[in-house]
Structure formats: C-alpha cells, structure tokens
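With chain A held as given, fit chains B and C onto it using these hints.
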Amino acid sequence: MATTTTGSLPNAEARLGAQDPRSAMYYAFGRFRRQHLAMIGLVIVVFLMIIGFGASLLAPTDYREASLMDANKFPNSEFPLGTDNIGHDFLTRIMFGTRTSLIVGFAAVGIACLIGIPLGMAAGLRGGWTDFAVMRLIEVMTAFPGLLFAIFLMTVLGSGVGNIILVIGLTSWLTLARLMRAQLLTLREQDYVTAARSMGATDLNISVRHLLPNAVAPVIVAITLAIPTAIFAEAGLSFLGIGINEPTPSLGKMVADSAPYIRVYWHLGLFPTLAIALIMLGFSFVGDGLRDALDPRQN
Amino acid sequence: MGQYVIGRLLGLVFVLFVVSVIAFLLMHAVPGGPFAPDIKGRLPEATRLARMEKYGLDQPIYVQYGKYMWHALHLDFGVPFQSPTETVTGLISRAWPTTLKIGIPTIILAYTLGTIMGFVAAVRQNSWVDYVVSFMATLGLVVPNFVVALWLILFFSVYLDWLEPGGWGKPQHYIMPVIAYSLTPMALVARYTRSCILEVLRSDHVRTARAKGLSESRVMWWHVSRNALIPFVTILLPEIPNILTGSIFIEAAFRIPGLGRFFVTSTQSRDYPMILALVLLIAVLWGVTYIITDVLYTILDPRIRLGGGSVH
Amino acid sequence: MTTRSSLNDALNTMRPQDAAFFHKQLSRRDALRTGGLAVGGMLAGLPAIAYASRSVMQDGALPDDAAPLENQVFRGATNPTNAKVLDFYEQVYERPGYADMFSESLVRLTKNFEIVPGAASEWSGSEDGKTWTFTLKPGHMWSDGNEVTAADFVRTFQYSADPEHAWDFTWFWAGNLLNYAEAIAGEVPVEEIGVRQGANEYEVVFETVDPAPYLSAKLLYSMPLSAAALDEYGPLYNTNPETHVSSGPFKLEEWIRDQQIVYTRNEAYTGDLQVPLQKIIVKMADPAATFTLYEADQIDYMQDPAPAELKIMESSPDTADQVYQGVGDFACLYFFLDTTTAPFDKLEVRQAFSHVIDREAMEQQIWGQQSRPAPSFLAPGFPASNTEELAEIQAFDPELGKQLLADAGYPDGEGFPDLTLSYRGGGTPLEDATVQAYAAMLNEHLNINVEIQTIDRNTFYADMATYLFGWVSYGMDYFDPSNMLGVWTTVGRHSYSNPEYDKLVSDATTFLGDPEERIAMFQEAERVLVEDVPAVWAYHVTPIQLIKPYLIGPGLEPDDNGIAAVHWPGFATMGSILEELYVSADAPTDRE
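Residue numbers (my numbering), protein chains in the order written: chain A, 1 to 299; chain B, 300 to 611; chain C, 612 to 1203.
Isolated chain A (complex conformation) (with noise of 0.2 Å):
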C-alpha cells in the first residue's frame, strides 16, 4: 500500500546495499516510543501476556477448582470478580483464558503467516503462472465459507485447543497472502527492483531484503487484527459447541457459555467480553504504532 515514487530517497540503505539492522531498529523504536497510543497498547499487551502466560503462578485457585456452593457469585472480597455457575474462581478463570485465548491467537495466526506470507510474496513477486495458481487457491479456500469448513474439520478431528489452531489458522491465512500479494504488484513495479535484478539479485533476496520491509506495514495491522479475529472465531466454535474443551477456560468460550445467565448474572458476559475488548485494544493500538514506526519513509 506503501505508494512511493521514484523520486524520492527511500532505502537508502538498500541502494548502498548494507544494511544497518540496529540503527534502523533504533530509529524505528524511537518513533513508536513518541506515540502515546501504541505505548498505551504495549503497556496493555505485555500487561496480558504476564497474567496469561503467569497465570499459574499468579491466579489464586488452579482453574479447575469448583465450589460448587459458592457459584454465581457476583464479585466480592472473596472472589474479587465473582464466580461462574460451577463455582469456579472466575479471576481465575480470565486469567487462564487470556493465556488460552493468546496462545489460539498466536498460534494460529503464526500459521497463517508461515502459509499465507510466502505465497503472497511468491505470487505477487513472480506473476504469471505462480500467481495463477495462488490466486485460484486462495478462490477456492475462499469458496467455502469459512464456517462450514471449520465445522467440518472439527466434525472430523474432534474439537479441542490442538484443532482449532489447526482449523483457525488454515481458514485466516487468506487475507494475508491477498494483502501481500497485493503490496507487492505495486511494489515490484519500483526501480530499485529493476535495479537490484540488473545487478542479479535472486528473487527470493529482492523479496527478503527490498520488498518485504516496505510491504510490511500494512501486513502488521492485518496481523495485528488478525489475532483478536483468530480469538472470535475460536468463540464463533466454541458458541456452537465445537471449540476448546472444558475444563480448559478460553474467553470466547466464557462469553457464549454465559448467554442462558447473562441477563441476571451479568458478570458472566461482561469480563471475558472485556477481557476480549483489551486484547483487541492493545494488539490494535501496537499495530498502529508499529505501522507508523517502521515505515521508512517518516525519517
């Protein structure tokens, strides 16, 4: 999306043909630092990732403890966010599902670019029959609503955390290799490609070196989106009873489970819905200041 002309200075670095991947990066850092917002979502990212991935040093109860008396309690000085119609400690409960709906998050999305990166690249990069044949793959995946192919699969292998990463990262990987092939039918038209190929550069190190640093940014926001996407569509499953297991809390699967009680027992559906709202929020808020961070042409 990055629409540069020929005129101005971009990489300057890529022109000299060194690259300076610490002075870059420090830069780089330099201008995120000054956007309050992306600090803000850093703060709430990393803020996330402790109590998820602490969580079983830091929770008070292990997640699968249940008292059943003590259920549908709203938040008190004992259970400082009340507890779910199990008796489950339900600070404890968002807690470990934050970490459960961060490791589906990334993980599938990690798929999705291991899948959806390269053939993006390859396709827009090379044309022709690759681009071809990427393109009617990505129609035909696209043919099946993402839905029904996920209901299928999970039909078939049984639901549980393993499946739906499986599952959420093959139906997502499509809008990144899109958006990349995207990026680079304009970017490839630059002159600085034709310039690195006249030298004899392998496509591969045009792809790595010149054209996915300036296509990147706006892949990092789709990234960054894709990652709460990831965490709804494992909801979406779990809504129709196909997702991750119990006991295992996941907040998707909070959210759906607390409809039959959300009218009197509002919490239910509230935290893990704001559970929900501060990963998008902060993975958002990073994306956006990473975006504007890394693109070159800010310096």
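Note that these hints are calculated values from the structure, not bench results. This list has only true hints and no planted wrong ones.
As a list, the in silico DSSO-like pairs of lysine-lysine whose alpha-carbon atoms are at most 30 Å apart: (1) A:Lys73 - C:Lys922; (2) C:Lys748 - C:Lys890; (3) B:Lys353 - B:Lys339; (4) B:Lys469 - B:Lys400; (5) B:Lys339 - C:Lys1114; (6) C:Lys741 - B:Lys339; (7) C:Lys741 - C:Lys1114; (8) B:Lys469 - C:Lys890; (9) C:Lys957 - C:Lys1013; (10) C:Lys1114 - C:Lys957; (11) B:Lys366 - B:Lys353; (12) B:Lys339 - C:Lys957.
Computed from a predicted model, the values in this text were never measured in an experiment.
Below, chains B and C alone, put in the same frame as chain A:
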C-alpha cells in the same frame, strides 16, 4: 481487459468444479447421515441401512458425485434433506432474498458511516475525534453480535416496547438486525479507511501535489481517495459477500427466516444437496468479487499490471 | 402452580403401584375374564366413564369465564431445526413441536397417565396375550369425506415398516409386532406384519411376538395416516394445506417455512374431542430467542427457560404464578460407563465414581426447580420407580469413594488414566453445568483429570456404544417399566450386558399375572441395575413451563399426585390438554 475478464470467468468455472469435488469429499468424510440423530439409540441396523439407501448414500462416492453433477449441470440441485417439500433452488430463492434485505442496508450503513468515521479520524489524527473513533471502532469489533442483539432486544422490545423482539414481515423488523449486523463491518471499514488515508496523506504523491500548490481539499479528494481505495478494495470488498451470505447469530436472535442459519444447520444435519449448493453459491460470489477486485486495481493504480511478469 | 416442596411430597408419597395404569383398570375387568389375562389391555371401565365428562365444554358450549370464540387463540413457539413433517408415522424426530393434530390414536393419555379410549371404544386381548383386538368408533370422518376405518391403521403401520420409507422409530415395534423386524429388513413384505383388519372395517387386530400386556400403552402412538391421501398424494400430504387431510379437531391453515404454522378448527370434525381452542399459532424460534417472545407477549406458552430466565420469572410475585413444574417424560440424565473396558470393568471404580457426585449441591446451585436428584434410573411417578429404597446405593460419600478407588488399585487417583467425557452437543445449560461440575468433583475428590469433549449429535448417537465415559439422557416413550429398563438390556443401546438383568426384565415384561407382582419384578431388576453402576445417575428432569395467566382450565389444576403442569404428550390429540385448556375472558384481544 475484456479478454482478461473472460479468462477469469473461465477460471471461475474451473474453481467451481474443484470446489464441488472438495466439498463432496469433505462432507462424506464427516461421519453420520442426513437424518435426525437416533436419539433413543435403539434404531435397528436394518433401518440404519435403509436410511442410507433412501438418500443414495450406500453407493460409491464417485457414483453419487456423478449423479449430483449431472443434475447440477441441468440446474437441478436436488431436494434439501432438511426441507423435503421444496427444492434446493426453491429454498434458496425463498431464504436468500430475506438475507439480502438485511444485508444490503447493512452494507450501505456500515460502509458509508464507516468511511466517514475513518476519514474524519485520519484527517484529524491524534485529536479527540481520532481517539473516539478508534475506540468505537474497536468496540464494534469486539462485542459479539449476539450480545449486541440481546441488548437491543432487551432495550427496545422488553423495556421500551417500541419494537417487536424479532420476526419478519414489517418494516420495523429491519431496524435492530441491521444495527446489530453493521457494527462489526462499520468498525472494520473505519479502521482500514483511517489507516489507509493516513498512509497516503504522508506519501509522496500528496507531498508532490502539495508542492505543486494544489489546495488542501483538492489534494485530499483527488489523490487520497483513489490511492486509499486499493487496500480498501483488498480487505473490504470481500467483506461484502461475507455480509450478503448472512449471519446465523443475527438471524436466530431476531427470528429472520434467511439463509444464514442454513450454513450451520446444513452441516449439522448433513444436508448434502444444500451444502453443495451453498458452497457453489459462495464460490460464485467470491469469484466474482475477486474479479471485480482485480479489475479495480488496474483502474486505481495504473502502475499495476495484471498477469505480467516482474520485470518488463 | 406447584411449589418445589409439594412436588417432592407428591412424588415421594405416591407408591409405584398406585400408578393408575395398572391398579384401577385391573380391579374392574379382572373379574370378568378367566385365566391370566394381561393387564394393559383391559377396557377402562369407570375411568373411561369419568373421562367422558372431562372436557371443559359442556354440550359444545364454552364455560362462563371463557373468552369468546374469536379470542380462543393459542400461540406457542418451536425450534425450526428438523421441522419437516407433522405426522408421527412419517418421521418422529423430524417434527416440530405442536404436531400430531390431524388424526387420533386408538387410545389417549389422561393427565393422570391413565390409558383411556381414543379412536377405539374398547379393546381386549386373547388368553395368551398375543392377539389384541381394538374396536373403532364408527362415523369418524376424514376431512376429505372418507371414514376412518381399520384400513387406515393397517396401512399406516405397514407404511412404517416399509424399508423404502426408513421410518426413524422402527425399533418401537420391531421385535414386538409379528414380522415387523423382518419386514423392515426387507425379508417379508409389509403386508405380513402383525397388524390387520379384524371381523369388519372397524376392528383392528394386533399380533405380537410375545405376550404384550403393555400394548395399549404403546398404542398411545397410533395416529393413523389417511390411506386415501397416501395413495393420492404420497406421504408428505400433510405438509401442504392444499393436499392436507385431517380427522382431528384441527386442520392445517398455513405453514410458512421457518416462520410459523397455523392450525384452525376442522369444520369437518366428527370425533368426540371437545376442544375450546379455535386457532393455534406456532412461531418458529430458536430456543435462545423464545423467552423474549414470551416477555413481549408474542406467545402465550413456553417450555424450558434458561436458568437466568427462570430466575427472572421467579423473582417477581406477578410472574411467579406463571411458572409450572411438571414431570415431562420422566427423563433421566446420567453419566454412562463402559463396563466392558478398563478402568470401568472394575466394580469398585464405578462405585467410586458414583459416590462423588454431590447431587444436593447441584440441585441447589444448578437445577433449581428444573430437575431433581436421581439416585436411581426410574423417576418418581413412573411405574416401578423406587427412588427411596435405592437412594443409598449411589449416595454421596466422597470418603467411601476414595477408599473404593484405592481398593481398585488407584490410591488417590494415582495411575488412573486421564479421561475424556463424551458429551453430546446441543445440550441445555443445565446439562453443560452438571457435566462440568461433575468433572470438577472427580478432580477434587478422586484426583482424576477429565476433559469434556463435545461431539456432534449425529455422530454421538451413532457411536455411543463405543464411548468409554459419556453423558446422555433417556425419557420414556410409553408408560411401562419395560420401556425404560429395556435401555440397559444386552440389546439395548449401551455396552452393558448382564444376563441376570436381562432375564429379570424380560420375565417382568411378559408377565401376565398380578400387576403388583410385575412391578416388584421390575423393581428387583432396577436394583440389580443400580447396584452394578453401569451409570452414575445425575438428575430427573422436571421441566418448567411458563403459562400466561389468561390460559386456564382443569388441565392446569393439580393431578392426582398434586402436580400441576401440561403433561406428556402435551399439545396433541393423544393427550388431554387440548380439551382441558382455554383462554379466559380477560385475555388481551389483539393476540394474533
């Protein structure tokens, strides 16, 4: 250009074929059958076999597929197992227009409001307007639509008694579903519009135009819009077929007799004719969307050449 | 409305042998026949006469407090999933709620669960209990002008056995009616099944494989299709008002797919049901969306509200009166264990599992009014139910459970494999909560890890016999212990196989002697079952119904056991509620 489009359309036909094969294989990989589950768990083996035979499922897969495709080519998509008194085409022509009647106002609302929001936020970056819009956009993406639906129903139906809680047939039945359904795409549109416009505002095109002395408004409207539309087209155009195929959550919450629920119920009830028809429908929608997307790329950015190599 | 405690009192004080089905009928007819005559086939003497004056309408006139005919409209809601047909004998599990209005079974069920005459005025059985003759009331007409005759019944049963039809309820008659099991397998033509016309066109004769004292109870489900309509339009004739034929009090006015079904009174009705309601509107709604319809006064009746929804109704004195608690189909929800596979092949392990389920806590925190603890399989109110006597066998005793597990070789859960609980998808919130709570209890008391895997419904029932540890329910199909207890026989649906139990059940099922003795035989069988722990019983469903205050009638008064609710089978011709419910004069008038 014309040649290109025709080529793509032919490619689409090929895609449809591949999609139908994959769908067929996937469906038959899932255990179970198109009949209501044997809840009592006591069905005799003889009847189990008879049920499979009744739906033609005892025959080898390639025979089933062959029969299906033969009929499909004659535009006969069979009878949905879920609703044996109509045909698949009948059911879709009954249910889809209802979904479209919700989907189209949703798109109009989401895309116009969303674009305005994103535009305003980008142009006033880092001001309170920007923060508010960003926040609302995030909210729209985060709250599950069944929660929004429930709140809307509680508020407007149960407490205020202004609207009926759901149903179909009167103009008021559009209001709440469209609001609930449009929040997420609106947020998406706002976010992407904002980030794209920000991107372009900083770009060299605009600097050059400013340097040339063009006034602010002309700069914005002319260059910014055209270039901002590229990622818009990439991400947001495909959102349209997404919306047009309906949402099971919205349609269930508001009791709208649309097509959305069939995507889920067809899989759960192993309604093979229906699943195949839905899959083909979506393939056509998406395929056409992609063709439009790629054509729009060339219009918007003349430097993009389609189908060519990387160096020329 | 029955409060929680009065329901308990009612069910606990009723002895199984008080079940009207056996007791009242036997004392009348028994004196008139020699030899061991089967109980179930007895002509209902006095109860039938009493039954004849049960309707609210006297000589066709509405009671004084009833709304005028234009406002005798009833609105309910049902799930549109699997709503394909409206006839039991077309497909049982592909009907929406409020089906079976178009013809009448040979017998009917009163709200005290008594079998009384329906389309048949009398019936009797042979000495060996294997031939049963039902006599139809003449002059009962279909709406197309034909008379309801034995030919309709015979044709309907034959159609149900046709392999090409693949009826989903064939197990109901297979092994019971002569040649039925062979017919569904295509081995004999359907004309040879044990259902035929008798001496004239008003006599239907049933021939069974074994003595069948319970046959009239099963024939609650004998709503015939019209032979003429089957010939002319095919079996789906009732899905379309144009081809629709009814001999019941209602006809199909319209069916807008996925939106609503409307029934109006059948002007051609010549049966003897006196039904006050003139119109029934059934709105299609997802269960989660139904309560808001009720709150917004869009429907007059609903069943099974979600926990929070019930709480809302209970919390206000205005609405608490609209909550009714019934017994439903005496469903038992339970965790089943595969007794043929380790670790559940050891009795101690199964017993341990049965001692760590704290039903009291579950009742208080999860079930509320909607279910009651089940220490055994047969629910109170169902014949041969014996919950009090059997309560100690699977009682909550975590210390004992721990001890037993240690005895079995798994002290403190050490070495016990991690379990996967196979949970069928689409469960109610009560089921979700109960299953999760039990998993937590297993973890807490026995230190066993359980993961709950949700399995799609379709797949679940097909594979159920192969699951090691799962959760499922069973509700009655007909009012006889052989129905429920038959689930656990070797040919039932679980992997459990106990020859002693099989014998006890089959002996009791075919027993033609004293009905009290028969009950005792079934109770012995159930004791063996509960002691063997092929399942840990969780709860019996006591379904909640929400009924607007302007729906009144004797149908909502407490029955002989003090329970006030719309009883099984609900709004259909073979139940009693259609005659015993009407709209009161103070109902809102714009309800359509």
